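*Asks:* Take a look at the letters that make up each chain.
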Amino acid sequence: MIKTILITGNRKGIGRSLTEHYLKKGFNLVGCSRSNTDLIHKNYFHVIGDVTSEDDVKRIVKESKKKFGSIDVLINNAGKASMNHSILTPVSTVKDLFDTNYLGTFLFSRECSKLMMKQKFGRIINFSTVAVPMNLEGEMVYASSKSAIETMSKILSKEISRYNTTVNVIGPTPILTDLIKVVPKDKVQEILNQQTLKRFGTFDDISNVIDFFISEKSSFITGQKIYLGGL
Amino acid sequence: MKLEDLKIKLINLLNDFIRENEIEINCEIDDNTRLIGSSSILDSMDLVQFIVEVEQFLDEDYGIEIQLASEKAMSRRNSPFISLKSMCDFILEEIND
Chain A
593 MIKTILITGN
603 RKGIGRSLTE
613 HYLKKGFNLV
623 GCSRSNTDLI
633 HKNYFHVIGD
643 VTSEDDVKRI
653 VKESKKKFGS
663 IDVLINNAGK
673 ASMNHSILTP
683 VSTVKDLFDT
693 NYLGTFLFSR
703 ECSKLMMKQK
713 FGRIINFSTV
723 AVPMNLEGEM
733 VYASSKSAIE
743 TMSKILSKEI
753 SRYNTTVNVI
763 GPTPILTDLI
773 KVVPKDKVQE
783 ILNQQTLKRF
793 GTFDDISNVI
803 DFFISEKSSF
813 ITGQKIYLGG
823 L
Chain D
7 MKLEDLKIKL
17 INLLNDFIRE
27 NEIEINCEID
37 DNTRLIGSSS
47 ILDSMDLVQF
57 IVEVEQFLDE
67 DYGIEIQLAS
77 EKAMSRRNSP
87 FISLKSMCDF
97 ILEEIND
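Sequences listed follow chains A and D, in order. Following my numbering, the numbering of the first sequence begins with 593 at its first residue and continues without gaps. Following my numbering, the numbering of the second sequence begins with 7 at its first residue and continues without gaps.
Check before you lean on any hint, since a few could be wrong.
[Claimed, not checked] Result set (DSS-like, lysine-lysine): computed pairs, CA atoms no more than 27 Å apart in a straight line:
#1 A:Lys750 to D:Lys13
#2 A:Lys710 to D:Lys78
#3 D:Lys13 to D:Lys91
[Said to hold, decoys possible] From chain D, some residues computed to sit far from chain A (all C-beta separations above 10 Å):
#4 Asn18
#5 Cys33
#6 Ser46
#7 Asp67
#8 Ile70
#9 Lys78
Just so you know, these hints were derived from the structure itself, not from any lab. Note that this is a predicted model, so its numbers are computed, not measured. Glycine included, C-beta positions come from ideal geometry on N, C-alpha and C.
Let's have the full structure, built from the sequences with the hints guiding it.
*Replies:* Right, here's the structure in full:
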């Protein structure tokens, strides 16, 4: 039975919205971010840490387990975006995006898989983006880091399947968060135009897919990705 | 931590692991029991899980946080996970490093 959900990068945006969504449903919630949160709830526990630090991730997982006894669902939400022509992209941007998006997802998946393996139950949700199937110009590094997450998820789903643990991916369209603010408006419109359903995604669109993935009834759904917006 | 004490603890841990995971074996577990290869009592995923259990045991019972599947372990000519004995030797080596 699902009791505890860990959401990375949940101080604002999609992570915050998911946190509030699952607190309303009565789950224990662990959140983590690099700075503190104003969220106070009897079932909420916040840990400050950096998803790119192996020591921090180990500590966050350990403290979460100590607080609530298990981590049943991991939602690897923490992520960074950047838009630039490939030729003008600094190495520091490549490293930064791969550290946060790929390494952060890897570290949390690895550490939480260890717990899920032992408890013989788990659900891991990773975040991709519609920029992957769209192969958008100007999003080479961001889309590549998310593409790597898709491959990671496929392989991890096979490696931990015998422990009743599933790994699935959601690929949101643009939704109105701080992350999208760094993307020029014409680029955002270009993305929306390529979607079958030409609108911004909403927090509800995202939680709807995650509700499905983490359901105990979804034990036969693993290694899958769902893109929003009809891609 | 003494080698003989650690061997006994890990033998007990492996016996518990085998029981909990309903692994069929036809031999007594001792420190020479093979953990890798065709004569191993564990398959590759069992071994991964057992290594994680050993890491958790060291952390919870001794407050020792080490990652056994380190680059050092993986790059050795002879894997430290061949048997419980070699695993114990490696753990002590890491602790005393």
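*Asks:* Next pair to validate is lysine 750 of chain A with lysine 13 of chain D; report whether the Cα-Cα distance is within 27 Å.
*Replies:* Distance ~33 Å between lysine 750 of chain A and lysine 13 of chain D Cα, so the pair is violated.
*Asks:* Please verify that the nearest CB of chain A lies beyond 10 Å from asparagine 18 of chain D's CB.
*Replies:* Asparagine 18 of chain D clear of chain A: closest Cβ-Cβ about 17 Å, beyond 10 Å.
*Asks:* Given the proposed pairing of lysine 710 of chain A with lysine 78 of chain D, does the C-alpha separation stay at or below 27 Å?
*Replies:* It holds: about 25 Å lies between the C-alpha atoms, which stays within 27 Å.
*Asks:* Taking C-beta pairs only, is lysine 78 of chain D more than 10 Å away from all of chain A?
*Replies:* The claim stands: lysine 78 of chain D keeps its Cβ more than 10 Å from every Cβ of chain A (closest is about 16 Å).
*Asks:* Just checking, cysteine 33 of chain D versus chain A, shortest CB gap more than 10 Å?
*Replies:* holds, 24 Å
*Asks:* Are all beta-carbon distances from isoleucine 70 of chain D to chain A longer than 10 Å?
*Replies:* Isoleucine 70 of chain D clear of chain A: closest Cβ-Cβ about 13 Å, beyond 10 Å.
*Asks:* Is it true that the CA of lysine 13 of chain D sits at most 27 Å from the CA of lysine 91 of chain D?
*Replies:* holds, 7 Å
*Asks:* Going by Cβ atoms, does serine 46 of chain D stay more than 10 Å from chain A at every point?
*Replies:* holds, 17 Å
*Asks:* Taking the closest pair, is the beta carbon of aspartate 67 of chain D still more than 10 Å from chain A?
*Replies:* holds, 15 Å
Checked against the numbered hints given earlier, the structure breaks only hint 1 and satisfies all the rest.
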